[in-house]
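J.: Throughout, my numbering is defined as the position within the sequence shown, counted from one, plus 18.
It is possible that part of the hints are untrue.
[Unchecked claim] Derived DSSO-like pairs: lysine-lysine, alpha-carbon spacing no greater than 30 Å straight-line:
hint	residue 1	residue 2
1	90	78
2	78	20
3	277	78
4	90	20
Keep in mind that the hints were calculated from the coordinates and are not lab data.
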Amino acid sequence: MKAAFYLGPAPSWTLPLSSDPWLMTIGGRPLIDHWFYAAWEIGVRQVLLSGEGCTSGTRKYLAGAESRWGVKVAFEDSPLAVLIRLNDGPLIVFDDYNLPWLSQGDASAPSRSDRPVLRWSADEDTMVVRPVEGCNMISLASPIAYWEINVALARRSDELANRLPATDCRVANGTILNPETIFGSHCRIARGAVIGEGVVLGSRVVVDEGASIRNSVILDGTYIGPNLDVSGRIVAGEVVLDPDTGAIARFQESWLFAKIA
Numbered sequence: 019m020k021a022a023f024y025l026g027p028a029p030s031w032t033l034p035l036s037s038d039p040w041l042m043t044i045g046g047r048p049l050i051d052h053w054f055y056a057a058w059e060i061g062v063r064q065v066l067l068s069g070e071g072c073t074s075g076t077r078k079y080l081a082g083a084e085s086r087w088g089v090k091v092a093f094e095d096s097p098l099a100v101l102i103r104l105n106d107g108p109l110i111v112f113d114d115y116n117l118p119w120l121s122q123g124d125a126s127a128p129s130r131s132d133r134p135v136l137r138w139s140a141d142e143d144t145m146v147v148r149p150v151e152g153c154n155m156i157s158l159a160s161p162i163a164y165w166e167i168n169v170a171l172a173r174r175s176d177e178l179a180n181r182l183p184a185t186d187c188r189v190a191n192g193t194i195l196n197p198e199t200i201f202g203s204h205c206r207i208a209r210g211a212v213i214g215e216g217v218v219l220g221s222r223v224v225v226d227e228g229a230s231i232r233n234s235v236i237l238d239g240t241y242i243g244p245n246l247d248v249s250g251r252i253v254a255g256e257v258v259l260d261p262d263t264g265a266i267a268r269f270q271e272s273w274l275f276a277k278i279a
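Whenever a hint applies, use it, and build me the whole structure from the sequences.
T.: Structure below.
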């Protein structure tokens, strides 16, 4: 089965945080990884991508998608070019800035806002659109929605362990770690730091001595300075965003917050 991934314009709130919004972390892994995971689970083995979200950074990351997910990847110039492929069989369509969520047993999606993933097919001269059973899309249209889903996933981190394994993370002695935390790969946590409940760390995050983080999302390649207290925030390098208000602070002092190359 094939899937069409339409990476259209990302919400404006993502622009100060990342030039590649489909690579922003959700539960410790890029959003686009969750698309591939869900697609694989519902039987997709070929993905057609289009849209302005197919940036050079996203394309570079997806160069390894076939080996990671076992699916073939192709890029098209426009969504129309993808829909023409309907003559070759049905398409599962993933679109907008959403997180696909697979219903498993009694586990419900950790969000109040979702809609079904759709299956498009051509029946003679008629377009037939049906929902894919057990697979919904959770909207990430606002910073509070993005923050809430990450914190919710951190609090259910045991359910994600099988598909979100962290690698090469180093935690110094004397660090306090709450079990409701998700780590990306290659993180470094210094002595005396406190990683509290509801925390998601992306890859290559460095937390310096005595820093405390709670109910926050720290994006890839971010340095958190010594003795800082970060609570209820989204942090990307020197940019700190309050998800409730959308207010943004930029720190010039690299010993506080910084982007790691």
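J.: Hints first: check each against the structure and report whether it holds.
T.: Status of each hint after checking the structure:
Restraint check for residue 90 and residue 78: the C-alpha separation of about 15 Å stays at or below 30 Å, so the hint holds. This hinted pair checks out: residue 78 and residue 20 have alpha carbons roughly 21 Å apart, not beyond 30 Å. Taken as a hint, the residue 277 and residue 78 pair is honoured in the structure, with Cα atoms around 20 Å apart against an allowance of 30 Å. Under the criterion of a C-alpha separation no larger than 30 Å, the hint pairing residue 90 with residue 20 is consistent with the structure, at around 9 Å.
Of the numbered hints listed earlier, not one is contradicted by the structure.
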